[in-house]
Amino acid sequence: MSKLLEIEQFSLHFPGRGALLSDVSLHVDDGEAVALVGESGSGKSLTTRAALGLFPEFSRLSGSVKVRGLDTTSAPAAKLLELRRNHASMIFQDPRAGINPVRTVGDFLTETLVRWRGLSREEAYARAVTQLDQVGLRRTKDLMRQYPHQLSGGMLQRVMIAGALLDSPELLLCDEPTTALDVTTQAGIVELLREQQQARGMGMLFITHDLNLAASLCDRVYVLRKGEVVEHGGAREVFMSPHADYTRQLVGATPRIEIDKVPAAPAADGTVPLLAVKRLCKRYELPSGEELTALNDATFSLAPGGSLGVVGESGSGKSTLARMIVALETADEGELAINGRVRAPRPLRAAERKLLAKDVQIVFQDPYLSLDPRIVVGKAVADVFRLHQGQGRAEAVKSAEKLLERVGIGPERFDSKPRALSGGQRQRVAIAKALAARPKLLVLDEATSALDVSVQAQVLELVEELREQLGLTLLFVTHDLAVVSRLCAELLVLQHGEIVEQGSTAKILSAPANAYTRMLIDSRPRALWEEQLA
Amino acid sequence: MTLTGTIPLLRTRSYGSLLSGTGWFAAVVTLVVVLLSVLAPVLAPYDPDFVDLSSVLGGPSGAHWLGTDALGRDLFSRLMYGGRTSLMGPLIVVAASTVLGMLLGLATGWTDGWMSRILNRIFDLLFAFPALLLSMLAIAIFGKGLMAPILAMTISYVPYVARLTQQLVVAERARPYVQAYRVLGFRTPWVVLGRVMPNLVPTIGAQSTLNFGYVLADLAALSFIGLGIQPPTSDWGAMIEEARGALLGGHVLPGLLPALVVVLIVVSINVIGEELSDRIGGKLS
Numbered sequence: 007m008s009k010l011l012e013i014e015q016f017s018l019h020f021p022g023r024g025a026l027l028s029d030v031s032l033h034v035d036d037g038e039a040v041a042l043v044g045e046s047g048s049g050k051s052l053t054t055r056a057a058l059g060l061f062p063e064f065s066r067l068s069g070s071v072k073v074r075g076l077d078t079t080s081a082p083a084a085k086l087l088e089l090r091r092n093h094a095s096m097i098f099q100d101p102r103a104g105i106n107p108v109r110t111v112g113d114f115l116t117e118t119l120v121r122w123r124g125l126s127r128e129e130a131y132a133r134a135v136t137q138l139d140q141v142g143l144r145r146t147k148d149l150m151r152q153y154p155h156q157l158s159g160g161m162l163q164r165v166m167i168a169g170a171l172l173d174s175p176e177l178l179l180c181d182e183p184t185t186a187l188d189v190t191t192q193a194g195i196v197e198l199l200r201e202q203q204q205a206r207g208m209g210m211l212f213i214t215h216d217l218n219l220a221a222s223l224c225d226r227v228y229v230l231r232k233g234e235v236v237e238h239g240g241a242r243e244v245f246m247s248p249h250a251d252y253t254r255q256l257v258g259a260t261p262r263i264e265i266d267k268v269p270a271a272p273a274a275d276g277t278v279p280l281l282a283v284k285r286l287c288k289r290y291e292l293p294s295g296e297e298l299t300a301l302n303d304a305t306f307s308l309a310p311g312g313s314l315g316v317v318g319e320s321g322s323g324k325s326t327l328a329r330m331i332v333a334l335e336t337a338d339e340g341e342l343a344i345n346g347r348v349r350a351p352r353p354l355r356a357a358e359r360k361l362l363a364k365d366v367q368i369v370f371q372d373p374y375l376s377l378d379p380r381i382v383v384g385k386a387v388a389d390v391f392r393l394h395q396g397q398g399r400a401e402a403v404k405s406a407e408k409l410l411e412r413v414g415i416g417p418e419r420f421d422s423k424p425r426a427l428s429g430g431q432r433q434r435v436a437i438a439k440a441l442a443a444r445p446k447l448l449v450l451d452e453a454t455s456a457l458d459v460s461v462q463a464q465v466l467e468l469v470e471e472l473r474e475q476l477g478l479t480l481l482f483v484t485h486d487l488a489v490v491s492r493l494c495a496e497l498l499v500l501q502h503g504e505i506v507e508q509g510s511t512a513k514i515l516s517a518p519a520n521a522y523t524r525m526l527i528d529s530r531p532r533a534l535w536e537e538q539l540a
Numbered sequence: 002m003t004l005t006g007t008i009p010l011l012r013t014r015s016y017g018s019l020l021s022g023t024g025w026f027a028a029v030v031t032l033v034v035v036l037l038s039v040l041a042p043v044l045a046p047y048d049p050d051f052v053d054l055s056s057v058l059g060g061p062s063g064a065h066w067l068g069t070d071a072l073g074r075d076l077f078s079r080l081m082y083g084g085r086t087s088l089m090g091p092l093i094v095v096a097a098s099t100v101l102g103m104l105l106g107l108a109t110g111w112t113d114g115w116m117s118r119i120l121n122r123i124f125d126l127l128f129a130f131p132a133l134l135l136s137m138l139a140i141a142i143f144g145k146g147l148m149a150p151i152l153a154m155t156i157s158y159v160p161y162v163a164r165l166t167q168q169l170v171v172a173e174r175a176r177p178y179v180q181a182y183r184v185l186g187f188r189t190p191w192v193v194l195g196r197v198m199p200n201l202v203p204t205i206g207a208q209s210t211l212n213f214g215y216v217l218a219d220l221a222a223l224s225f226i227g228l229g230i231q232p233p234t235s236d237w238g239a240m241i242e243e244a245r246g247a248l249l250g251g252h253v254l255p256g257l258l259p260a261l262v263v264v265l266i267v268v269s270i271n272v273i274g275e276e277l278s279d280r281i282g283g284k285l286s
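So the protein lines, in turn, are chains X and B.
Counted the way our numbering counts, the first sequence spans residues 7 to 540.
Counted the way our numbering counts, the second sequence spans residues 2 to 286.
Isolated chain X, as found in the complex (with noise of 0.2 Å):
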């Protein structure tokens, strides 16, 4: 039988662009799991996409893509549709853009068997029950009547899986397909994959930009970046011992948590907290007219100086936490003040917000868009001057350019609207944006989430720096543990609204005393070959 998947010297040309991708060369086998690493833009997806014969309109190709023999660059249409029917699978990084919104599970999962194996409703509708439960979801009569809404981010990426199963696919491929969810899941998906790959047999092809995932699934990996394989082998090697720059560069940017490298917490000298928080609400009433409580009872308290992280998974109430310190929510219950000064429990006055703003800035996730689109950058921050530090016109774009240049964007950007800088750069803007009030503390809200690992790297350095230098206190809103490790001396966990554990983040990380803390720890990815040490 000819090989599952193989890709040799593939380039993809696309006018205007140049080369997307030179000269891949990759193969899949039966029965293996190979990672395909990279950033964005590295042509991680492009590449996936070929083996089945989706290549973007207008592109020139070279090279062959060959799955079981099929070349998807020169097949004909109905060569490819059986391809995709019958032999390979795709699982995408957001299951809900991958699902027809108003029709129902069932409908979803039995479509294709009716309509494609001629299979009757019935016999159609046993397979997606029985796929259901092996992909390890419960109630599954009631949940084919269920529709996408319904279903969380985890469970919808299973019945996306149970989906692609269906087929019976010999080669899945996936697309970053845990990506948009939390750890505690991701680990559960990875689990399921992991499983269903090896009891079927299966090919597959994993897309990631998580090296820690790659480790955790396979054996094999590919290093992509900007269309070139730089590296690949065996996943051990490549990540213990690697050869090219580029993959030693993103082994070191790999967030760990290295616990003897947690910052040590400004001492206790009876100082007034910079921020303390006490028995702390906040409801919301949901459409159905049901409460949520997004944040109960907590309390807390940050020292000048200091630096806590907050972690917890979507819905734990963490952003909740850090919108109402920056006073863009209004707490129901209890009590917040900053730098001595009682937060009065209302939406603020236009002379307090500006107090405040003296007090407290914050740095949000998205760094698309977290700055004006219309705006160049020297005068987003200029702007930020004059109203804080009485400066003119000119001082303030002065200000503005030395501030720019000390979060390392050159005087040849201050002219650049957002649009023109990448995500990295945009959050170093939204930095200085933020510094230039002078806060003393700082909320960073998923600040370096949406980046790509060597640049949250390089963001993460920075802020280091500036803490030390300009003796910011942090507050780091993130579910990234190892983050929190390399930036933060004290930890609050989160789980449904709840505080279930604060103090250091060393004695937290290594001795958790909670099961909640514990479990966050244990689903972070960790390498076959640690496991089988272990």
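For the record, the hints were derived by calculation from the structure and aren't laboratory data.
We put the CB at the ideal spot given by N, CA and C, even for glycine.
It is possible that part of the hints are untrue.
Which stretches of chain X does chain B cover? Using the computed rule of at least three CB atoms under 8 Å from a CB of chain B, they are [to be verified]:
(1) 331-338
(2) 371-377
(3) 436-443
Since chain X is already given, all that's left is putting chain B on it; use the hints.
The following block gives chain B in isolation, referenced to the frame of chain X:
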């Protein structure tokens, strides 16, 4: 080498041009019509109101390129002068309704107070009245002429602009960059008028371009039924009305020409408006 099929993965965007070929053609047509109207006093070969009973209903000739009407007035000159009144009306309506609608939309979109709620109900009420009906009502009260319909049209187009602005503002208000302005302590009026509004102008401008076409057609219709511009002032709608007698006598041009110009300009402006709102709307979302 293989050329590929049709599954677009990379978004193919045309960066340089804001309009398609058709769009540019429409723009040129609009520009020519506008220029001819604006420059009428300089370019027009005759006084548009000069009655010459010796050349009544003459066909196109060297002296009168497009012929003359029932009173022997030069049609080409009347069309050029007619453009001045026919385009001025919609221009005033669109400018006034855009400014007013945008400000009201910003105010009602940004706050959720009782003022917003009352304004919203008033908008709902106005949506129920066709602009043409409202104009006739205004004419009944204030009398014939240009002012009453312009006022009525402005009032009835304000809700459209306001609703659009409102939707955009509500979406914009939740964006992190706007929240960052709040956290930075910038005052709300500065943020709303100085930073958010300019980001909405392209989208609203595209909608207003579309409105221009509708208003022009409506005002021409009012003149046609004799409620708008009064003779002898030249106006496209009024010209069609005046040509009714000639039409019965078998003379097509005096009525057909102004009608064609109205169709031409409305279609052109709609094409431009549609394309602009497609491109700009797509870019924002």
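Hints and how they fare:
As drawn, the region 331-338 of chain X meets chain B at 3 residues by the rule of a beta-carbon pair under 8 Å; at three or more, the given contact holds. Given a C-beta distance limit of less than 8 Å, the hint that chain B covers the region 371-377 of chain X holds, as 5 residues qualify and 3 suffice. A stretch counts as covered by a chain when three or more of its residues have a beta carbon under 8 Å from one of that chain; for the region 436-443 of chain X and chain B the count is 4, and the coverage holds.
Of the numbered hints given earlier, the model fails none.
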